[in-house]
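Protein chains in written order, with the UniProt record's numbering: chain A, 1 to 322; chain B, 1 to 500.
Careful: at least some of the hints might be erroneous.
[What the hints assert, rightly or not] Quick partial rundown of chain A residues pointing at chain B, CB under 10 Å, derived from the structure:
1) G163
2) R185
3) N188
4) S189
5) A192
6) S195
7) N196
8) S199
9) N203
10) S258
11) G262
12) R263
13) K287
14) Y291
I should point out that these hints are in silico values taken from the structure, not numbers from a laboratory. What you are looking at is a predicted structure, and each value in this text was computed from that prediction instead of being measured. By construction, the Cβ of each residue, glycine as well, lies at the ideal position given by its N, Cα and C atoms.
Each chain, written out:
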Amino acid sequence: MKRSLSSLLGRTDGWGMPLVVLFIIAGLIELMRPGSFGLEQLALICASAMILVFVATGETIVVMRGGIDLSVGGTLSLASVISATRADLPGLDLLPWLALILGVGFLIGVANALIISLLKLQPFLVTLATWSIVEGIALIVQPSEGGTVPPVWFAWGYSRPFGIPISVLLLMLLMLWWAWFRRTRMANSIRAAGSNERSAYLNRVSLMGTNIAAYGISGVMAALAGFFYATQTGAGSPVVGAQYVLPAIAAVVIGGTSLAGGRGGLTGTITGAFILNLTGTVVFLLKLTSYWQIVAQGAILVLVVITGSIVEARSERSGADR
Amino acid sequence: MNLLEARDITKRFGGIVALDGMHFAAKAGEVHAILGENGAGKSTFIQILSGALVADRGKIMLRGKTVTAHGPGAARRAGIAPVFQELSLISDLTVGENIWFGDEALTPLRMISRRALNARTAALFAELGLDGIAPDRLVRSLSIGQQQLVEIAKGLACDPDILILDEATSALVPHEVDWLLDIARRRADAGKLVLYISHRMGEVRRVADRITVLRNGETVGTAETSAIGDDEIVAMMLGRRLNRLFPERHATATDRTALKASGLSVGHQLKGMDFTLREGEVLGVAGLQGHGQRELFMALAGAVRFGGSLEVWGRPVSIRSPRHALSQGIGVALLPEDRRHQGLLLAKPVRENVVLAALSRLTRFGLIDRQAEADVVSESVSRLQIKVGSPEQLAGTLSGGNQQKVVLAKLLATDARILLFFDPTRGVDVGTKAEIFAMMRDLAASGYAILFYSTDIAELVNVADRVMVLSYGRISATLPADQLSEDRILRATMIGQVAA
Chain A
1 MKRSLSSLLG
11 RTDGWGMPLV
21 VLFIIAGLIE
31 LMRPGSFGLE
41 QLALICASAM
51 ILVFVATGET
61 IVVMRGGIDL
71 SVGGTLSLAS
81 VISATRADLP
91 GLDLLPWLAL
101 ILGVGFLIGV
111 ANALIISLLK
121 LQPFLVTLAT
131 WSIVEGIALI
141 VQPSEGGTVP
151 PVWFAWGYSR
161 PFGIPISVLL
171 LMLLMLWWAW
181 FRRTRMANSI
191 RAAGSNERSA
201 YLNRVSLMGT
211 NIAAYGISGV
221 MAALAGFFYA
231 TQTGAGSPVV
241 GAQYVLPAIA
251 AVVIGGTSLA
261 GGRGGLTGTI
271 TGAFILNLTG
281 TVVFLLKLTS
291 YWQIVAQGAI
301 LVLVVITGSI
311 VEARSERSGA
321 DR
Chain B
1 MNLLEARDIT
11 KRFGGIVALD
21 GMHFAAKAGE
31 VHAILGENGA
41 GKSTFIQILS
51 GALVADRGKI
61 MLRGKTVTAH
71 GPGAARRAGI
81 APVFQELSLI
91 SDLTVGENIW
101 FGDEALTPLR
111 MISRRALNAR
121 TAALFAELGL
131 DGIAPDRLVR
141 SLSIGQQQLV
151 EIAKGLACDP
161 DILILDEATS
171 ALVPHEVDWL
181 LDIARRRADA
191 GKLVLYISHR
201 MGEVRRVADR
211 ITVLRNGETV
221 GTAETSAIGD
231 DEIVAMMLGR
241 RLNRLFPERH
251 ATATDRTALK
261 ASGLSVGHQL
271 KGMDFTLREG
281 EVLGVAGLQG
291 HGQRELFMAL
301 AGAVRFGGSL
311 EVWGRPVSIR
321 SPRHALSQGI
331 GVALLPEDRR
341 HQGLLLAKPV
351 RENVVLAALS
361 RLTRFGLIDR
371 QAEADVVSES
381 VSRLQIKVGS
391 PEQLAGTLSG
401 GNQQKVVLAK
411 LLATDARILL
421 FFDPTRGVDV
431 GTKAEIFAMM
441 RDLAASGYAI
451 LFYSTDIAEL
461 VNVADRVMVL
471 SYGRISATLP
481 ADQLSEDRIL
491 RATMIGQVAA
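Could you build the full structure based on these sequences and the hints that come with them?
Encoded structure:
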């Protein structure tokens, strides 16, 4: 039984284990406060988790490519302040603005990719620098938290197309996108380049092209997170991004994506983001100060990484497939 | 007309010339073997052919036309498919994803159809007569042998005009070797070209129509396989060498055993070795790349875990770490193969490098005794004739030969009396080579015990007291001084393989 469970978990992209953890945490919450997972509650949980989910989504693709993207913090902040300060310009609706904001995120990502590929620099250092640059620009655009998000956007953030809360709908769209993307040539090329750059090159993978795709997606997702933040809070913040950078990387790792690149996927990352989100609820229900959430998140990170490596070692020995 | 022709190909890596104006020609419908010692330039040549490297000079011609495009994609379009010794597989993708990488059938949504991919892979395996590898297995869960088979299948999948097999049989069992030789033969009969790079003379004899021998980046010659004997081939591979490079050798070994290994094993690379190294002896180690010599040296230096038992100066020991290996009572020191990364702190002065491993001896109350340190450094510099401006010169600014002397000085500054020399003359000029050999004999004469691996067989023949030949992680022969010769050793490395 034990063996079959571990081989079953090893068969996934690494998201089997975190899913178990997520259900355990959800079970605990349900025990402490029955009815925590009604439809309305799920919508609320989803809305509060989505910013992290977006950032972590982009981070997942970059980490699969063998890199890391710290600049998402700056991009998120910049997107939120653009949403809160520039949206009163006449003649532009929600969608063109959204496209513009996402375009800015994409360009930041492309800049990261080009610097990393052309100058052959460490992704960590490059994105640390661009994070600082972009966050600085966000502060110049809007020096403090505030601004005004147009009422239409605010309404969009709480809308329910087809009766589905917008955050749940976005989550579903994201998973649909992943179901498609993971089977594309680009996804395989990104995995290949993240797994072994030399082999990938010999297999005709464009190392720069995969970098542009990965960091571009990451920039777009971070910008989307910033926009979503603005529609949820009704304001922009030039410093909010920093709160999400490390949790996003933690969500990726908890979700079973290897920081060494090549393996992993979005299913695990989304699970990881929700695990991190729900620990806040657990801490609240235990009537502890919210600082305990940080402690709990760290503990879960260590726990999941250890169990994950044990499961992996076992499945590797038994030769289990993905 | 020649299907493939290479003219005047030159390739340098830093100061090292890998290919020096070599030329090559092969016809459609033949299996053409390329032979040469380690470092002769075979790998560089096929990497240039397959677009993984770009030549500094010279041109490649296919069917009489010069190839201008570079890169793996261009080579592939030109009909060249390499099967690499070090494998080009992506370990995080499945067998099928690897074989058809970039050529996958796509669904209308431009997704890769896994079912189609696996079916196509299964069909290919059936056609090739390969079984036992599931198309949806992750490559990293396969054994090295299975991975090699997948790499071969991948090369064959695109039905190339030129198939390059680079040591493709190194991880295969005999019936798989038969299978591959049969495929190579059939492709040649069907009018394709197969380039066969191998150290295994038996296989080359069985499959190759013609043989081209490389030495030191140059083409020595091409001959019909049937028209040339093994001795002639070996002579072509070795060439003539000067002998005054080497010191006079007097047997200085005593009866005292410095190191005794029984059943020494490391993973799959080293499969149980028994040998004895005596005080005052230089014991040579020969073997083709990847046959266990690296693991042997790493194990003795404490850098990898090993099985079996070890006695040092008559006492059973287990060596847990390089630090432990250097400790008093054991005293085993390694001169590593990559001195720039494993042997030296390039950005630190010569002084710090020399005393690095001996600091515990030079430390009092947690502080380094500067006078003792200076004594050790100046003594080493004069003893080894290291050419430095001052002990404060940065190690990275020295020439290759002087860097190697600094590493040697570091070893001698410790209490270690068993020295492991792993390819000490790599990238070292001839003059320093001679000094290093003389130093090794002097050290042996003063009671050190030395284990000496070199990729250059002539060095082993002329410096070592005995040579053990490694093949597939086992000792295939141990040759005493009166039986040492280059072709005996070369034969032992190859014969061991044919038997394996």
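Check: Which hint numbers does the structure go against, in order from smallest to largest?
Finding: 1, 13 and 14
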